[in-house]
Each structure stands twice: as structure tokens, then as C-alpha cells.
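Asks: In order, the protein sequences belong to chains E and R. Numbering-wise, the UniProt record's numbering puts 1 at position 1 of the first sequence, and it's gapless, one number per residue. Numbering-wise, the UniProt record's numbering puts 42 at position 42 of the second sequence, and it's gapless, one number per residue.
I should point out that these hints are in silico values taken from the structure, not numbers from a laboratory. What you are looking at is a predicted structure, and each value in this text was computed from that prediction instead of being measured. Worth double-checking, as some hints may not be accurate.
Unchecked claim - A short list of chain R residues far from chain E (calculated; beta carbon distances all over 12 Å):
| id | residue |
| --- | --- |
| 1 | 152 |
| 2 | 173 |
| 3 | 219 |
| 4 | 222 |
| 5 | 278 |
| 6 | 373 |
| 7 | 392 |
Stated by the list, open to error - Chain E stretches covered by chain R per the calculated footprint, using a threshold of three residues with CB under 8 Å from any CB of chain R:
| id | region |
| --- | --- |
| 8 | 133-143 |
| 9 | 272-281 |
What the hints assert, rightly or not - Computed cross-link-like contacts, DSBU-like style, restricted to lysine-lysine with a CA-CA straight-line distance of at most 35 Å:
| id | chain 1 | residue 1 | chain 2 | residue 2 |
| --- | --- | --- | --- | --- |
| 10 | E | 83 | R | 83 |
| 11 | R | 323 | E | 83 |
| 12 | R | 83 | E | 323 |
| 13 | E | 43 | R | 43 |
| 14 | R | 395 | R | 43 |
For glycine and all other residues, C-beta sits at the position ideal for the given N, C-alpha and C.
Number of protein chains: 2
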Amino acid sequence: MNISPQRSPDPAAAAADGATTPGVGTRLDPWLGHYANRTHGMKASEIRALFAVANRPEVVSLAGGMPFLAGLPLETISEVTAKLLAERGAVALQYGSGQGEEAFREQILEVMRAEHIRAHSDDVVVTTGSQQALDLVTRIFIDPGDVIVAEAPSYVGALGVFRAYQADVVHAPMDADGLIPEALEESLADLAAQGRTVKLLYTVPNFHNPGGVTLSRERRPQIVEIAQRFGVLILEDNPYGLLGFDEDPLPALHTYAPESVIYLGSFSKTFAPGYRVGWALAPHAVRERLVLAAESAILCPSMMSQLSISTYLSTCDWRGQIKSFREVYRERRDAMIGALAEFLPTASWTHPRGGFYTWVQMPEGLDTQDMLPRAVTELVAYVPGTAFYADGQGKEFMRLSYCYPTPERIREGVRRLSTVVNNELDLVRIFGTSGGVGAAGGAGVDAPGPDQT
Amino acid sequence: MNISPQRSPDPAAAAADGATTPGVGTRLDPWLGHYANRTHGMKASEIRALFAVANRPEVVSLAGGMPFLAGLPLETISEVTAKLLAERGAVALQYGSGQGEEAFREQILEVMRAEHIRAHSDDVVVTTGSQQALDLVTRIFIDPGDVIVAEAPSYVGALGVFRAYQADVVHAPMDADGLIPEALEESLADLAAQGRTVKLLYTVPNFHNPGGVTLSRERRPQIVEIAQRFGVLILEDNPYGLLGFDEDPLPALHTYAPESVIYLGSFSKTFAPGYRVGWALAPHAVRERLVLAAESAILCPSMMSQLSISTYLSTCDWRGQIKSFREVYRERRDAMIGALAEFLPTASWTHPRGGFYTWVQMPEGLDTQDMLPRAVTELVAYVPGTAFYADGQGKEFMRLSYCYPTPERIREGVRRLSTVVNNELDLVRIFGTSGGVGAAGGAGVDAPGPDQT
Numbered sequence: 001m002n003i004s005p006q007r008s009p010d011p012a013a014a015a016a017d018g019a020t021t022p023g024v025g026t027r028l029d030p031w032l033g034h035y036a037n038r039t040h041g042m043k044a045s046e047i048r049a050l051f052a053v054a055n056r057p058e059v060v061s062l063a064g065g066m067p068f069l070a071g072l073p074l075e076t077i078s079e080v081t082a083k084l085l086a087e088r089g090a091v092a093l094q095y096g097s098g099q100g101e102e103a104f105r106e107q108i109l110e111v112m113r114a115e116h117i118r119a120h121s122d123d124v125v126v127t128t129g130s131q132q133a134l135d136l137v138t139r140i141f142i143d144p145g146d147v148i149v150a151e152a153p154s155y156v157g158a159l160g161v162f163r164a165y166q167a168d169v170v171h172a173p174m175d176a177d178g179l180i181p182e183a184l185e186e187s188l189a190d191l192a193a194q195g196r197t198v199k200l201l202y203t204v205p206n207f208h209n210p211g212g213v214t215l216s217r218e219r220r221p222q223i224v225e226i227a228q229r230f231g232v233l234i235l236e237d238n239p240y241g242l243l244g245f246d247e248d249p250l251p252a253l254h255t256y257a258p259e260s261v262i263y264l265g266s267f268s269k270t271f272a273p274g275y276r277v278g279w280a281l282a283p284h285a286v287r288e289r290l291v292l293a294a295e296s297a298i299l300c301p302s303m304m305s306q307l308s309i310s311t312y313l314s315t316c317d318w319r320g321q322i323k324s325f326r327e328v329y330r331e332r333r334d335a336m337i338g339a340l341a342e343f344l345p346t347a348s349w350t351h352p353r354g355g356f357y358t359w360v361q362m363p364e365g366l367d368t369q370d371m372l373p374r375a376v377t378e379l380v381a382y383v384p385g386t387a388f389y390a391d392g393q394g395k396e397f398m399r400l401s402y403c404y405p406t407p408e409r410i411r412e413g414v415r416r417l418s419t420v421v422n423n424e425l426d427l428v429r430i431f432g433t434s435g436g437v438g439a440a441g442g443a444g445v446d447a448p449g450p451d452q453t
Numbered sequence: 001m002n003i004s005p006q007r008s009p010d011p012a013a014a015a016a017d018g019a020t021t022p023g024v025g026t027r028l029d030p031w032l033g034h035y036a037n038r039t040h041g042m043k044a045s046e047i048r049a050l051f052a053v054a055n056r057p058e059v060v061s062l063a064g065g066m067p068f069l070a071g072l073p074l075e076t077i078s079e080v081t082a083k084l085l086a087e088r089g090a091v092a093l094q095y096g097s098g099q100g101e102e103a104f105r106e107q108i109l110e111v112m113r114a115e116h117i118r119a120h121s122d123d124v125v126v127t128t129g130s131q132q133a134l135d136l137v138t139r140i141f142i143d144p145g146d147v148i149v150a151e152a153p154s155y156v157g158a159l160g161v162f163r164a165y166q167a168d169v170v171h172a173p174m175d176a177d178g179l180i181p182e183a184l185e186e187s188l189a190d191l192a193a194q195g196r197t198v199k200l201l202y203t204v205p206n207f208h209n210p211g212g213v214t215l216s217r218e219r220r221p222q223i224v225e226i227a228q229r230f231g232v233l234i235l236e237d238n239p240y241g242l243l244g245f246d247e248d249p250l251p252a253l254h255t256y257a258p259e260s261v262i263y264l265g266s267f268s269k270t271f272a273p274g275y276r277v278g279w280a281l282a283p284h285a286v287r288e289r290l291v292l293a294a295e296s297a298i299l300c301p302s303m304m305s306q307l308s309i310s311t312y313l314s315t316c317d318w319r320g321q322i323k324s325f326r327e328v329y330r331e332r333r334d335a336m337i338g339a340l341a342e343f344l345p346t347a348s349w350t351h352p353r354g355g356f357y358t359w360v361q362m363p364e365g366l367d368t369q370d371m372l373p374r375a376v377t378e379l380v381a382y383v384p385g386t387a388f389y390a391d392g393q394g395k396e397f398m399r400l401s402y403c404y405p406t407p408e409r410i411r412e413g414v415r416r417l418s419t420v421v422n423n424e425l426d427l428v429r430i431f432g433t434s435g436g437v438g439a440a441g442g443a444g445v446d447a448p449g450p451d452q453t
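Required output: the full structure, derived from the provided sequences and hints.
Replies: Set out below in C-alpha cells:
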């Protein structure tokens with residue numbers, strides 16, 4: 001299997017580090033006293049510079065969440081896009097409505113029906129990737145200090161948004177079946193007893209990023225019931241839902257209680273992220289606020305992006321394409337799991353049944369953030385676990401992604417990683433720590449910029 | 001001159017009203033108690049419903065800011081886009097960097113050189129339209145209650161963003177030569193004496209929206225010097241700068257003091273808004289914060305949009321296209337001014353030397369917001385002046401745009417408007433007021449949603 005020519009074999013890392021962005025605050029800033037309070041919470045990660053290095057072709061990056069696009073029918077997409085521009089260019093290149101095109105929202109309903117969601121197109125808002133939906137939902141609900149309960153670990157890009165709006169994130173534990181109902185209930189009861197205002201429960205029920213686990217069918221109505229009982233709105237983030245390897249999609253949380261769930265979807269993983277198109281499906285009154293917030297943020301989503309995807313959905317076999325993506329990712333998941341068993345038997349990992357990631361726990365004594373510079377020196381990259389917690393947890397974990405490199409590269413990457421880990425373990429055995437050798441130190445880091453997932 | 005088929009003759013109005021968005025708060029909202037404080041300031045305009053009506057083909061809309069796209073070489077754009085997708089599709093459809101593509105930022109520098117701006121591509125951030133740049137700048141600088149000084153009147157979309165971040169907007173007066181330096185100085189001195197924190201001076205120096213005036217060459221360094229003296233960062237919003245009818249562009253404010261100005265540019269008026277691509281040029285340290293905020297908001301701007309515009313710039317005669325746009329808009333400006341002189345001699349208006357708008361003062365006693373329902377009944381639409389003030393001023397003004405309708409339609413629209421105005425004046429003469437006849441009442445309205453400009 002070949003990867004078509006790209007700027008580099010793994011631009012995910014480039015994307016993750018904002019390409020050429022040096023650390024913020026390294027130069028004199030005459031406007032330093034002018035920033036808003038929220039801005040002081042926005043920090044470039046200490047590991048950004050490392051990801052810039054990890055962008056080199058010789059590095060196997062198991063860090064990014066870039067989908068494998070070489071499998072797309074680019075010639076066909078080229079043809080239908082040309083037709084769209086030639087025949088409807090003056091519409092495609094014009095402003096549109098803030099909510100997104102009606103006909104396109106109808107098509108989005110059809111995509112969601114694969115997960116048993118029944119909804120009305122009037123309750124859908126098209127956004128600039130589902131990242132923008134995360135931003136807008138947080139914007140309309142969160143005052144500084146409000147609590148968002150989120151899985152431990154959670155998607156780094158969501159944590160970044162929550163921090164930008166000065167939310168207080170409280171983590172709720174997961175196991176192999178996803179969020180644990182009893183633990184969630186306990187956590188919400190504790191928060192209620194403390195008089196804290198919990199505005200949102202943020203969850204990725206399917207093929208969790210970074211956890212690689214899926215919320216079981218049995219737990220779904222339980223989670224919804226608990227959230228409803230405590231008056232907490234559920235933010236169901238589901239970019240990977242159609243990318244399951246083994247079975248049909250489980251019902252979305254939205255199906256159990258449409259009035260208590262904001263559901264986020266995306267075309268970034270099932271088609272292509274370069275258009276930046278995602279959506280939110282929300283209770284009607286919430287949707288109205290979301291549209292106002294979206295108009296304030298960007299006026300309207302790109303008509304060209306919307307009509308391009310709309311054309312793809314109506315003229316190409318998008319279901320067949322997703323099926324083909326699933327085969328690619330399943331093969332890579334197998335390569336990843338096989339390589340972990342072969343090269344890192346002392347670690348443990350989740351066994352994803354879909355999506356892009358596995359979550360790996362290192363042997364005791366290792367600090368994945370500490371180890372990252374040495375891994376990059378050995379030409380392999382990953383995202384340290386601390387990126388996925390709001391509170392500095394996670395140093396014994398790492399997220400490994402198998403979505404972009406070929407199976408051969410995945411195996412080679414894990415082999416290199418095992419070399420680093422074994423050297424690290426030698427140091428731990430001899431010195432009781434590995435931290436003193438060329439590492440950045442054990443301080444908690446911020447998220448490594450958006451990791452594009 | 002013909003307008004190519006569109007969904008309707010003036011989708012600007014549809015866009016302006018969010019198409020099918022009913023008024024917010026009209027249904028029971030179980031999450032009403034959950035919204036953030038900032039959300040209570042987001043209101044759908046009372047005149048949205050009217051704009052939905054104004055979207056009908058029989059209505060001449062002088063309300064929207066939609067560019068005239070039928071003049072674009074759509075066949076050529078179709079061809080080069082097809083080539084881009086066929087040859088570089090896996091890059092164009094992938095994630096990119098949060099700051100935007102380096103090569104594209106270099107091209108943006110070339111566009112800005114037409115306004116004498118010298119800068120480095122590292123200080124440019126590509127955004128989802130310049131509306132997003134407005135949002136991100138406001139996000140990183142404004143705490144609730146901070147002051148933004150803005151021209152009176154100001155772009156409705158900027159006022160919406162400022163309100164969303166709970167800024168306190170203080171208006172500074174303009175005359176036919178733009179912002180008045182003495183008045184600005186006085187206003188800043190007053191605010192300083194009151195101990196208020198003024199974070200930004202928001203200005204549209206060229207072909208002002210909605211004012212239709214241009215800041216004179218002589219005043220430019222004066223405005224910059226005053227802002228610098230008071231420690232206020234200038235937010236220079238310049239979507240129309242290259243669309244002057246008579247002379248070469250004046251130097252941007254940025255050219256006088258790059259460290260004191262954030263300059264915003266856009267491809268929406270000089271090429272096409274459907275890609276949603278604008279940019280910010282900012283002092284380096286500010287640019288770093290903007291990229292972090294942008295990544296949090298959307299991860300990265302659309303690669304497909306960036307590469308599409310990049311391809312257009314490198315393969316098409318974009319300068320010639322802008323020249324052709326200028327001819328089109330000049331002819332329409334002439335039609336507008338001629339029709340105003342012919343049909344509304346008792347009103348007064350600004351004489352734009354570029355851009356899309358003229359700002360019209362009605363004869364005494366008229367309330368343009370009050371009058372709008374009757375204008376729509378007479379099949380003509382405009383934006384009432386109150387939309388462009390943060391403080392309820394402006395009821396005697398309206399913004400008329402000449403960018404989208406043909407000269408014939410513009411003349412017909414102004415003729416219809418004169419009928420409404422004359423009827424209105426009759427009522428004023430007889431009853432002393434016109435407000436009792438089917439009007440929504442004189443209450444201040446919010447901005448009519450984004451008016452796409």
C-alpha cells in the first residue's frame with residue numbers, strides 16, 4: 001500500500017505544531033498588558049518544537065490524527081467539482097446562510113441516520129469543522145468557573161477550547177466499556193453537593209480519542225439518564241462513529257434524549273478534513289443560539305466547501321468509500337496491536353474496534369512526556385498522555401495513532417519506540433529515574449496544539 | 001448587464017437574516033438557565049423576518065453586501081481547481097497548519113503591497129473570512145467592560161462581535177474625510193480621565209461600511225499618532241481597499257506603525273466570499289496569540305480554500321479582475337447617486353469613491369427602522385441606520401448598497417424608496433409622526449444578523 005505524495009510523510013505532526021510557530025512569549029510584546037484574562041490561559045505547548053522535528057520524513061509519526069486520503073477517488077472529485085464551479089460557480093463562491101445550506105443539512109440527516117438519529121434539518125448547524133462546533137457550544141454555555149465534566153482522558157482539542165473559555169474541567173473515569181455510569185453519578189453528586197454549576201458532560205462515545213474505547217450499548221441509556229437527572233446537557237462528539245471495524249454503529253446518545261444532547265458530527269474523518277466542515281445537531285432553542293454565535297464568529301460557513309461535499313455525497317459512493325476506509329484502518333489497527341504485542345509486551349493498551357487511536361500504558365516508572373525528546377531522536381513520535389488531561393495526569397500514558405502511516409511504517413515505529421522504552425527502563429532500574437537525561441523535565445504541558453483530530 | 005442565475009436575485013438579504021431563522025426565544029427552552037452571560041447579549045434582530053420577505057425576487061434589495069460574482073472567469077476557475085484536485089488533492093483535502101500555508105501567506109503579502117504594506121509572511125494569519133479575524137482579535141484582547149472605540153457608524157458585523165465579548169463600544173465621529181482626529185483625541189482623553197481601559201480603536205479607513213467615506217491621506221498619520229499616544233492598538237479593517245474608483249490606494253494605517261496596528265484583509269470582496277478566506281497581519285507577539293486562538297476555534301483554515309485562492313492568484317489575472325470589478329461597481333455607484341439625486345433630493349448622502357455603500361440621511365422626522373416594513377411592502381429593502389451603532393443612534397439614516405443589483409434595478413429600487421419616503425413624509429406632516437402605521441415601533445434593534453460584508 002502506498003501513500004500518495006504529500007508535503008511530508010506525516011504532516012500531522014506539522015499540523016500539530018502549527019508548522020513554524022515558535023513558542024509564544026519568546027519575544028518582547030508591547031501589548032502584553034492588553035490581553036484578556038482568557039488569553040493568559042492560551043499557551044503554546046513545550047513539545048511543539050519537538051513536533052516540528054517529528055515532521056521530518058525519516059520520523060515515523062504515531063502522533064497525528066490525519067486521515068488517509070490517498071484512498072479517495074480524486075479524479076472523480078476533481079471532475080464533479082469542476083462541474084459544480086462551471087455550472088453553479090456564482091452560488092458556490094457567494095455568501096450563504098449562517099446556518100448552512102438547507103439541502104446540505106438534509107444530506108447530513110441522511111448521514112446521521114446510519115447511527116439511528118432521527119432529526120429535522122432545521123436543528124442542524126453547519127460549522128467550520130466540528131472543532132468550531134465545540135467552540136460555539138462552549139461559547140454559548142460557559143462562564144468562567146463553570147464545570148464541564150469530561151472523560152479521563154479527553155480529546156486535546158476540546159480541552160483547549162474549554163480552557164480558552166475558562167471552564168473548570170472535572171474528569172470522569174472510563175474503562176474498556178467507556179464512561180462508567182456509577183463513577184459519573186458519584187462525580188455529579190459530589191459537584192452538586194459542592195454547589196458547583198455543571199453545564200456540560202463532554203463525551204466521545206465511539207472509538208474514543210485518545211482512549212480507543214467505545215461506550216457499551218448497555219451503558220448508553222444509563223449515561224443519558226444520569227445526565228438528565230442532574231440537569232446536565234450532553235455534548236456528544238462523534239467524528240469516528242461510522243469508522244467501526246466489526247459491527248454496525250451503536251445508537252447515538254442523541255437517540256435516547258434529543259432534548260438533552262448536542263450531537264457533533266464531522267466530514268473530516270469519513271471524507272476529508274481540508275474542507276473544514278462539521279455540524280452540530282442541537283435542541284431547537286440551543287440551535288438558534290448556535291447560529292447567532294456562528295454568524296458572529298464567521299458570518300457563514302463556506303458555500304464552496306458545503307456544495308463540494310454535497311456534490312460528493314450525491315454523486316459518489318460515499319458509503320462504499322467509508323467501507324473502504326474502514327478496511328484500511330482495520331488493517332492498520334491490526335498492525336499496531338500486533339507490533340505492540342511483539343515489541344512492547346510489558347506495556348498495556350486498549351483494543352480499538354474502530355477509529356484512529358490506541359491508548360497505551362507504559363511500564364511503571366516511565367514518563368512519556370519526559371521520554372518524548374529521546375523518542376524523536378530515535379525517529380518515532382507519539383502524543384504524551386498529559387495532553388489529554390486538564391489536571392496534569394497521564395504521564396504514564398501515550399496515544400498512538402495508526403490512521404496515517406502504512407502498516408509497515410507502524411511496525412517500524414513501534415519497534416523504534418520499544419528501543420526507547422527499553423533504554424528508558426534500564427535508566428529507571430539503575431538510577432530510579434530517567435528524567436535527568438536530556439529531558440524537558442516533568443512539568444505538566446499544555447496540549448500540543450491542535451492535533452488535528 | 002446580466003446577473004447570472006442565483007437562488008434569488010438578492011440572496012444577501014437571505015444571508016442577512018439567516019434564511020429561515022425565526023426569532024430566538026420564541027419557543028420554550030429547557031436550557032435557558034444554562035447559557036453564559038455573554039449569550040444573553042446575542043439576539044436575533046427584530047427585522048430578520050422582514051429580510052426573509054425581502055429575499056423574494058420581486059424585491060429590490062439595497063440591503064446586502066454581496067459582491068457581483070457573475071463577472072468572474074468561472075470556466076477558468078473550474079479548470080484550475082480541477083487540476084489542483086487531480087494533482088494535489090491529497091494535500092488540498094488534508095489538515096494544514098493553524099496559521100495557514102506559508103506559500104499562500106507569501107501571496108497575501110503581494111496583495112498587501114498594492115497598499116504599500118511591507119511585512120513578513122510569518123506575521124500573517126489566514127482566517128475563515130476576516131470576520132473570524134475580528135472574532136479572534138476581540139477574543140484575545142477584550143475582557144467584559146473593556147472599551148473599544150469605533151467609528152460612528154460602524155460595520156454591523158464588528159459591533160456584533162464586540163457585543164458577543166461584552167465590550168463597551170464608544171463611538172467616535174466621522175465626516176466626509178473619515179474619522180476626525182480632534183474628536184478621537186478628545187474621546188480618548190475623556191476615557192482616560194474616567195479611568196476606562198481602551199483596548200482597541202476599530203476603523204474601516206477605506207470606502208467605509210456603512211459610511212461610504214474614506215480617511216484622508218493627511219489624517220492617517222494623525223490618527224495613528226493619537227492611538228499610539230494613548231496606548232491603543234488599532235484594528236484596521238480593510239476589505240474594500242483595492243476597490244477604489246478614482247485613484248491608487250492610500251497607504252494603509254499599518255504602513256505608519258506596524259507595531260501598533262492589526263490589519264485585516266479579505267478575499268471576499270476582491271475575489272469571492274464563498275471560500276471564506278481573510279487574514280490578519282499583526283505585530284509578531286500578537287500574531288502568536290492569534291494563531292493559538294485560531295487553532296482553538298477551528299484547528300486550521302481550510303486547505304482547499306487556501307489552495308484554491310492560491311491557484312487563482314498564481315494562474316489568473318487577479319489584478320485585471322479587480323480592475324473589472326471596479327468598473328462594475330463604479331457604474332453602480334453612479335446609478336445609485338444619480339437615482340438619489342433624481343428621486344430623493346430632500347435626503348442627503350455620502351459620495352463613495354470606492355466600495356459598496358452610501359450612507360443616506362433622511363429628511364427630518366423619518367425613522368428608517370420604523371419605515372422598513374412599509375418599504376418592503378413597496379418591494380425595496382435597505383438596512384436601517386440603527387444597526388450600525390452600539391447605542392441606538394442612527395434612526396434617521398439608512399445604508400444603501402449598490403454592489404449587487406444592476407444599475408437598472410438600483411434606479412428602480414431608489415424610485416420605490418422615494419415613494420415610501422414621500423408617503424411617510426405626508427404622514428409626518430399630517431400627524432407629526434409616522435410611527436403608528438403598521439410599524440414595529442421605535443425601539444432600538446440589534447444588528448440584522450451578519451449582513452455579509
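Asks: The structure should be examined with respect to each hint, and the outcome stated for every one.
Replies: Hint check:
1. Distance check on residue 152 (chain R): its Cβ is at least 21 Å (rounded) from any Cβ of chain E, clearing the 12 Å threshold; non-interface status holds.
2. At roughly 25 Å from the closest C-beta of chain E, the C-beta of residue 173 (chain R) stays outside 12 Å, upholding its exclusion from the interface.
3. With 12 Å as the threshold on Cβ separation, the claim that residue 219 (chain R) sits away from chain E holds: the shortest Cβ distance comes to roughly 24 Å.
4. For residue 222 (chain R), the condition that its CB be more than 12 Å from all CB atoms of chain E holds, with the nearest at approximately 21 Å.
5. In this structure residue 278 (chain R) is not separated from chain E by more than 12 Å, as the shortest Cβ-Cβ distance comes to only about 10 Å.
6. With a least CB separation of 22 Å from chain E, residue 373 (chain R) remains clear of the 12 Å interface cut-off, as annotated.
7. Residue placement check: residue 392 (chain R) keeps its beta carbon more than 12 Å from all beta carbons of chain E (closest about 20 Å).
8. Proximity of the region 133-143 of chain E to chain R, defined as three or more residues with a beta carbon under 8 Å from a beta carbon of that chain, is established by the 6 residues found.
9. Residues of the region 272-281 of chain E lying with their CB closer than 8 Å to a CB of chain R number 5, which satisfies the three-residue condition for coverage.
10. Annotation: proposed proximity of residue 83 (chain E) to residue 83 (chain R) holds, straight-line Cα distance about 13 Å (limit 35 Å).
11. Between residue 323 (chain R) and residue 83 (chain E) the alpha-carbon distance is near 27 Å, which keeps this suggested pair within the 35 Å criterion.
12. A hinted pair counts as satisfied when its Cα atoms are at most 35 Å apart, and residue 83 (chain R) with residue 323 (chain E) qualifies at roughly 27 Å.
13. With a CA separation close to 32 Å, the supplied pair residue 43 (chain E) and residue 43 (chain R) stays within the 35 Å bound.
14. For a cut-off of 35 Å, the pair hint linking residue 395 (chain R) to residue 43 (chain R) stands: about 19 Å separates their Cα positions.
In the structure shown, a violation is registered for the earlier hint numbered 5 alone.
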